[in-house]
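Those protein sequences? They're chains A and B, same order as listed.
All letters in the first sequence, in the order written, are residues 1 to 241 by the working numbering.
All letters in the second sequence, in the order written, are residues 1 to 241 by the working numbering.
Note that these hints are calculated values from the structure, not bench results.
Hints are supplied without guarantee of correctness; some may be wrong.
The list treats identical chains as interchangeable, and a pair is accepted whether it falls inside one copy or across any two copies.
Claimed, not checked - Keeping only pairs whose Cα atoms sit at most 20 Å apart, straight-line, the calculated DMTMM-like set for lysine to aspartate or glutamate is:
{"id": "1", "residue 1": "145", "residue 2": "155"}
{"id": "2", "residue 1": "211", "residue 2": "155"}
{"id": "3", "residue 1": "192", "residue 2": "165"}
{"id": "4", "residue 1": "191", "residue 2": "131"}
{"id": "5", "residue 1": "191", "residue 2": "206"}
{"id": "6", "residue 1": "10", "residue 2": "165"}
{"id": "7", "residue 1": "3", "residue 2": "74"}
{"id": "8", "residue 1": "191", "residue 2": "165"}
{"id": "9", "residue 1": "130", "residue 2": "74"}
{"id": "10", "residue 1": "130", "residue 2": "190"}
{"id": "11", "residue 1": "192", "residue 2": "206"}
{"id": "12", "residue 1": "10", "residue 2": "33"}
{"id": "13", "residue 1": "145", "residue 2": "203"}
{"id": "14", "residue 1": "136", "residue 2": "2"}
{"id": "15", "residue 1": "130", "residue 2": "41"}
{"id": "16", "residue 1": "10", "residue 2": "74"}
{"id": "17", "residue 1": "192", "residue 2": "218"}
Number of protein chains: 2
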Amino acid sequence: MEKEFSYIFKIYPSSVDFQGKLTVASLVELLMEAAGRHADENGFGMRQLNEFNASWVVLRLVLEINSYPAQYDEIKISTWIEKIQSIKTIRNFCIENAQGEVIASATSEWIMMDLAYRKPKNLFSLQGFKDFATGKESTAGRLEKLHPVKGELADRLSVKYSDIDINGHVNSIRYIQWLCNCFDLSIYREKKIVRFEIHYLSELYENEEIKIFREEKEKNDFYFEIANNTKTACRARIKFI
Amino acid sequence: MEKEFSYIFKIYPSSVDFQGKLTVASLVELLMEAAGRHADENGFGMRQLNEFNASWVVLRLVLEINSYPAQYDEIKISTWIEKIQSIKTIRNFCIENAQGEVIASATSEWIMMDLAYRKPKNLFSLQGFKDFATGKESTAGRLEKLHPVKGELADRLSVKYSDIDINGHVNSIRYIQWLCNCFDLSIYREKKIVRFEIHYLSELYENEEIKIFREEKEKNDFYFEIANNTKTACRARIKFI
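All chains should be built: construct the whole structure from the sequences, respecting the hints.
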């Protein structure tokens, strides 16, 4: 049984920004796609979980980026489960370019959500899943706690049709797009994002009014909070170099 | 030489809406992708045009949709050039499901833009291109003129980083997402879009403040105008059934 799987993706024009480079949001979308295929092909994918009214939910993600692929480049995403605890599991990623150089790496934390009770289910109840734990760490480092932000209001928006995914809440990728939109093109011309961290805290729904707060704790190192009127939806960090 | 090309696409989770159906914006994105591949594989793609500082620009699109594919479905997009005039060319599409049933069709009008002068170039200067004209019409009907709209303000927004593509202006797909976002989820639960038309009139850039006007000319038949402070960026139509 293979525990680490690799998938090749071509970077299409819709995934690149004004400089022709893969966006952070599109890279995370491809990571989610690789995770989905890996789970699907091994009997613990979304469709299998849906059969007993459960779903995978990503809670935290850390992404380190050394260099950005361009339009029409091919990248290889390898993914594996690092460890499995009763409530959460760690999934890691390694991203290589066509020359086999590591251009990015990521680690992420997931729960299996019981869709009826909106609570995590015990992962050991997922037959055969525990055999996938490899113990292999990510070079992206560990998932650290992100602290509350008391910063400036960087953006405000309301949740629309195109933000909502099949689970009925705002898609996890959209949060990343919103955060990256807090910077002008001039910043992206001068700098690049080398580290991205996100910690999902609560769901967002249609027509909610959202505020995004930003605090530059150190030069080029920004911490964020996305909140609706009553609570924090996520905390995040974007580090430029 | 093949003049009509077909491409298979799988519908990934990132392309579906809250009901698990392919969105209109994502469908058009796939049409653009098919058009790009067809052009690329036959020597008149973006990369070839870029060599003499030109680019393809879509001016108008009409899309008829009979039924929507779901997440993980495969669809076949066939595309061909209907005709070529000195300044513009008509490209058509036929979209089939895995059972070979036609689920949608589209027609579109393009120019080859001279990037130095921001003016159309003569298409007969594109070597070998005229041999691709097939004369074959689309079942989506003709590209009709869209008239000015004097409707209600349906939305307002400002152009952000993620809206800008490699040409430095707002991506043509983003306009479609903005238009579809003018309706609540409740509308999509009850109805489906059966016809979508768009006529691109002028480019939009970073930080521009945009207004979207909407007029329901007949029941379930909406006409739109997207405008910045000085001019109309596009006119469009969304018909539900």
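Checklist entry - Looking at the structure, which of the earlier hints fail to hold? => result 1, 4, 7, 9 and 10
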